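These protein sequences, in sequence, are chains G and Z. Numbering of the first sequence is given in numbering that gives the first Met the number 0, commencing with residue 0 and proceeding in unit increments. Numbering of the second sequence is given in numbering that gives the first Met the number 0, commencing with residue 0 and proceeding in unit increments.
Everything labelled a hint here was simulated from the structure, so no lab data went into it. As the structure is a computational prediction, the values presented were derived from the model and not from experiment. Each hint can be trusted.
Straight-line alpha carbon distances no greater than 20 angstroms define the calculated SDA-like cross-link-like pairs of lysine to any residue that follow:
| # | chain 1 | residue 1 | chain 2 | residue 2 |
| --- | --- | --- | --- | --- |
| 1 | G | K159 | G | P67 |
| 2 | Z | K260 | G | S181 |
| 3 | Z | K56 | G | L9 |
| 4 | Z | K56 | G | L17 |
| 5 | Z | K56 | G | F20 |
| 6 | G | K124 | G | G48 |
| 7 | Z | K56 | G | R182 |
| 8 | Z | K56 | G | N8 |
| 9 | Z | K56 | G | N11 |
| 10 | Z | K56 | G | D7 |
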Amino acid sequence: MDLSLFLDNLWNARMSLLAGFGNTLLISLVAVILGSGLGVLVGLALSYGNLATRFVLRVYTDFLRGTPVFVLILACFYVLSVVGVDLSAFQAGVLALTLFCSSHVGEIIRGALAAIPKGQTEAAKSIGLTFGQTFASVLLPQALRQILPTWVNTATEIVKASTLLSIIGVVELLLATQQVISRTYLSLEFYFFAGFVYWLLNFLIEQAGRAVERRVSIPQ
Amino acid sequence: MTPLKTLFAGLAMTALGAGAVQAQDGSKLQEVLDRGHLILGTGSTNPPWHFIDQENKLTGFDVDMGRLVAKALFGDPDKIEYVQQSSDARIPNLVTDKVDLTCQFMTVTAERAQQVEFTIPYYREGVGLLLMANGDYADYDALKAAGSDVTVAVLQNVYAEEMVHAALPQATVDQYDSVDLMYQALNSGRAEAAATDQSALRWFMVQNPGRYTDAGYGWNPQSYSCAIKPGDQRWLNFVNTVLHEAMTGVEFPFYSDSFAKWFGTELENPQIGFPVEYK
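Just need the whole structure built from these sequences, with the hints factored in.
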């Protein structure tokens, strides 16, 4: 492996790789934020909604969680354009990842709320707290601690899933890397580099998650 | 069909079955003119056809074909919005109206012609043999005469051996995983020739002037055409006219400049007088 040749090419391609990395960040960030917002609603409705709501959302989360992200992306891009919703590749990709993220976050939240013993809600009721108060002061603080590790995990999954958007032509880090490889023929070097960048990004996300976990954990 | 292709094709068929967004009355030609720019579908990872250059710009021979069409539409070859698509997305993006036109080294086959409409071809691809300029063998005849002494490097492929033996029946075939390894085998003398697409071979020679030579034999012909969504004769005729005149008429300098840039060959002017088409 000719290191100086690789570094030369890396320097030459820095702008396009940076732009690709920027896209990866933007896609992941938007998908995680929107997906988590939507997921919280899904999780709450799954826990406290009436039978019909719960049934509909159960189908929604199970369908999305049981479908490969890849198929979801193609569906958002091609099938939606048939029904007249003409999204750009970027929008379709972000939508697919947002839906995927929301189904996972919804399930995480439902699980965290279900793990809190029923006795606590009953105790809160008996001292006269409304549902809103119970949720905000009793359930949420405990659920959040449960949610955090799995939620961080979902965020890293989304970063990795964003590579699939290259298939519909969104120039994120992977496609930008492939473009450089096609010009320079340095496949091994540049794939290794891209792999390292993805790993680094996810490592930082996990470290940030751990730091927050430490801050909010109950002192033993 | 690879599973990926099947998936794409399936989605495209779903799109067709559901009665994909129909083009408005009238032709795509008018729609594009009204919009003010052409939406061109092409790839971004295959030089010299379509790739991102050092200046981070999409460029290549396919891109130049699209620029010819934009120039014909608006008098400005830059009035293009590029949709960078994978090869598998070529047909789905046409039938779902994501692009007006696809120029992406698309091999004309009867099977594909049932799903999209092809323009006239703008290039004839084939396999060629790349040699070292100062190597032991000067051309195809010398390679053929050497029989099994010759080792040919080729990109790994189910039909690779068969393909090489169609031209050099006795040659030893070494298969490689990637293009760079194949060229390395040639450079290091582990192979006397590399068999690859004529276009890739030409482009490699353009990038390394004087180092390599073409054995001068081509086989496995296939036509490359642009494609449009079926059912729009007006638009098809327009693009055909543009490509035809690029290869034989007023835009010949544009076409031949591009050809020389990507394939390193100066084309001769079309014969003046009796139209070359009827020769």
